[in-house]
Structures are given as C-alpha cells and as structure tokens.
Amino acid sequence: MIRSLVVLCLVCSALFFVNLQSRDFWAPDEGDFAQITRELDLDFIVPHLNGAPYGEKPPLFYYITYASQKLLGSIRGEISLRVPSGLFALIGAALLLGTIVKFVSPIQALISAGILVTSPLYYWQARYLQVDMVFSVFVAATLLFFFRFYATRKQPMLYLFFLCLALAFLTKGPLAIALVLPVVLVFLFSEKALGIVKIKDICIGILIFIVVAAPWYAAIYWREGAPYLYENIVRQNLTRFLDAWSHKRPFYYYFTTLPLDFFPWSLFLPLGIGLAFRRAKTDPKIRYFLIWFAWMFLFLSLSSGKISKYMLPALPAAAFIASLAFMVHESRYNRTMLLVLSLVFFALAGLLFVYRPGIYPEFYPARIIIGILSIILATVLVFSLRKNRSDWAFSALFCFLVLCYLVGNVGVYSKWNRYKSPRPVSEKVASFVKDGTPWVYYGSIRGVYVYYAQKQAIHVDEHDTAGLEKIRQELKEFFILTRRRDADEVFRTLDNVKPVFEEKIGNTQMIFLHYEK
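Count the sequence shown with mature numbering (1 follows the signal peptide of the UniProt record, and there is no 0) and you get residues -27 to -1, 1 to 490, in order.
FYI, nobody ran anything at the bench for these hints, they're computed from the structure.
Watch out, some of these pointers could steer you wrong.
List of simulated lysine-lysine pairs, DSBU-like, C-alpha gap at most 35 Å [said to hold, decoys possible]: (1) K221 / K75; (2) K449 / K401; (3) K254 / K30; (4) K443 / K393; (5) K282 / K428; (6) K401 / K254.
Make the full structure from the sequences, and use the hints.
In structure tokens form, the structure reads like this:
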C-alpha cells in the first residue's frame, strides 16, 4: 500500500503540478474565480466579482484558494490559485486507492487509481482553477467513507461521511445531497441494510452537517437577505436542473462527451459495466460502485443544463468499473479494443508526422514526440495481443498518457497560451487606467480582464445601450473594452469615441476605446 501510494503521489505531482504557470488564466471561469478570491480581502463573508455580490456558489472553494494564495504568496497567482485543484485531485485518487486496496485488491486499486488520474477530464481539471475538482473530491470522499462504514461498521467513518457531505454542500450547494444520498439509499435498500445506520448516529451526523454548513448561510442571510439565498440555492440548482438558461443540451449529451473525456479507458467501460452487472448480485462492493456511476450518469443526463466537467464526480466509480476489464485475462472484447487502439495510434502517428506541418509550426516538435510515443504504444499493444498479456496493455496505455501529458505540461501549454490568454490585452488596459481614469467592460463580464488589469471595471451588459448612455451622462472621460462585434453599438450610442487599440485573443477580436466629452 505504501509503495503504491508513493508511486501515485509522484505521478500525480508530475501530472498536476509541473509547470502550472505555463499558461495564464483563461476565460471564462478561471479569471472569475481568481478575481473573486482577490476580492475576499474586501469582504470575507459575501463573495464578490468586480465589486458585485456573486451568488452562484457557496464560498468554500474561494476560501480554499484564498488560503492557498496566502500560504504561497511569494509564488505567482497562476500557481498558488491552481494548487488546490491538483492537491484535491491527488487526495481523491489516494482515497480511491486506499479504499480499494483495503476492501478489494491491491492490483485493482492501482489500476483504478491509474485510470482515474490519466483520464483526460480528471487530468485537465486538476490543473484548472475551477470549483469542480474540489467539489468532486468531497463527493467522492463522502461516498468512499460511507463504503468504509458499511464494510467496517465503524461510526467515525459515518461521521466523516456527514462531514464531507457538509463540505461538498459548502462548495456547490444542494447538488451534493442530490448526488450522494440516492446512491447510499439505493445501495442500503439493495442490501436490505437500512437499519445499520442508527437513529442516534443520524442525529449526530445531521448535527455535524449543520455545525459545518449553517453558519455561512446564516451570515449571508443576515448580510444579503433572501434574494441572495434564492440565487444560490434555488436558481443555481433547481432552476438550472429543470430549465437551464445556458448550456442546454439533449439527454444523450454525456454519451457523446464521456468517451473522449475518459479516453482510452472509455473503450473498456462497456466490458466493465457488463462484468459489474453480472457480479453485482453477489458482490456488494461492485454493486456500490455500479450504483454510484449509474445514478450520477442518469441524474446529470436528466438535468437540462449540461457541461462535460459535470461528470467529474462519477469518474472514480467509472475508473473502478473500467478496471474490472483489465482483471479479465481472456476476453475477446479486450483483444478487439486493443487491436482498435493499436490501429488508431498508428494512424495518429502518421497524421502527426505528415498532416499540414506548417500549421502552428511551434507545436511541431511536440507532434513529433507524441507521434513517436504513439508508434511505441501501438507496437506494445500488438505485442501484448500476441502474448495475451492485458497487464502489459494497461501499463503501456498508462505510461503513454503520462508522457503525453508531460509533453503538454512542458512544451504545449505555454505556446498555446498566446492564442488563449487575455493577459496581454488586460495589461494594456492597465497601462491606460492606472492614473485613475474609469474603464467600462461592455458585454458579459469576464473577470479575467479585471484580474489582470488590477482595477475593477464599470460593467455594462451587452446590448444595454441605455447603460452606456447613463455612464456618458455621469462621467466626462472613460475607456471601454468590448468585443469588436459589439463596438458598433458603442459608436452609435456615444459620440467622441476613438479607438485606442485592437487585439485578437484566439478567434475573438477585442477593441479598446476612449471616450471624452
């Protein structure tokens, strides 16, 4: 167990922490969270974005990133604010490893943890400043502690279950309860074991939950009143689930995203699910993880608002289920998938070597390295098929993914940054507004511009020309940052507006304007 944990920590450290500063904060979310964390210095109870109360999420994630920033204050913000995501990703993998080592087998534990940390969605979110990784690890910890309670009947495990549930609630609200409680109840019902949780322990657990979660909600109600709680609890959860105002996707959306977000392990998930269904009647451990994955996939698919990262809490269960496929030594399905993968990676190598090498030439060295790794992987997969060694196949896939991610960490993201980063534009804005001249952001607010400009903006929503007119009446001089496509509205509304500079961020053309009466 100790050796496996050390190996896991070393791999996670390389994947999640190496070269974290290689890219700036990218829109839309990273800059928002960075700016909210900065504004906690002004108000520690009510999160603010650009000076306005921000009620979309409870505060625990902001508190965690704030603590990280203070502890690592001498390190640039891109590192100190992203460290919690990577640290929680490591903790989540370690909890999964420890639980499966203790109650299933060391080999399957190592495979499950290896699958989890090398799945693309998990890896990317571990290096990203977003709430989802921290929330997902709290949810996973909640379910893993309950699993330990069921297996050992030790009350401290149940109390840790309630504690982690409260922390998940403080991270993303009632969604935590919706994801966790059905898994626990369905499993206990299937085991005819509802009575193992005593009334006294439930009361103690609820008390733990209230002591942890209630103080902030009481404070926020005292400070901001019912409208803030309505936004935080009802609109951001129930309304988003029933009738989302953004990211509306069809029921089958996750059938299209999970195969890539979990690739290549997603190819082995169907066999793992089949094996899990076959063994679920007699093996409660497998049934628990199957219920975990099935419920989250179903619940999140029923929600009207869908983003691929929302599936993150289901990945530990998916990793365990996929690991079942690698515990089968004779499988025609596995042989077929390994053959498919070998052909895919041979083809990928060819594309990386010869397909339009002049496009983005700065990435060509990384393409060559990944192409060579693809050929090596495909060769090992073919060899493992000939020798009938599925363990070789897992090791080869795992090493390939780790090496590819390290290539990205070291040689790709810093170059990709030039096409994605709002920082250069923001720093130009900062140079014009540092003397105290107000500036306006016209459009859907992007906290990343405020963060790098280091000065709050007057925000006017897109198409709100009346808001622009009001500012014109109140101020004699100000600057405006907006997308080029919205600039015509500005020119029609304000006279005496002159362009200062234009700059492209990826496919988005930004324009900075100056108004003076």
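List in ascending order the numbers of the hints, as given earlier, that are violated by the structure. Those not satisfied are hints 1, 3, 6.
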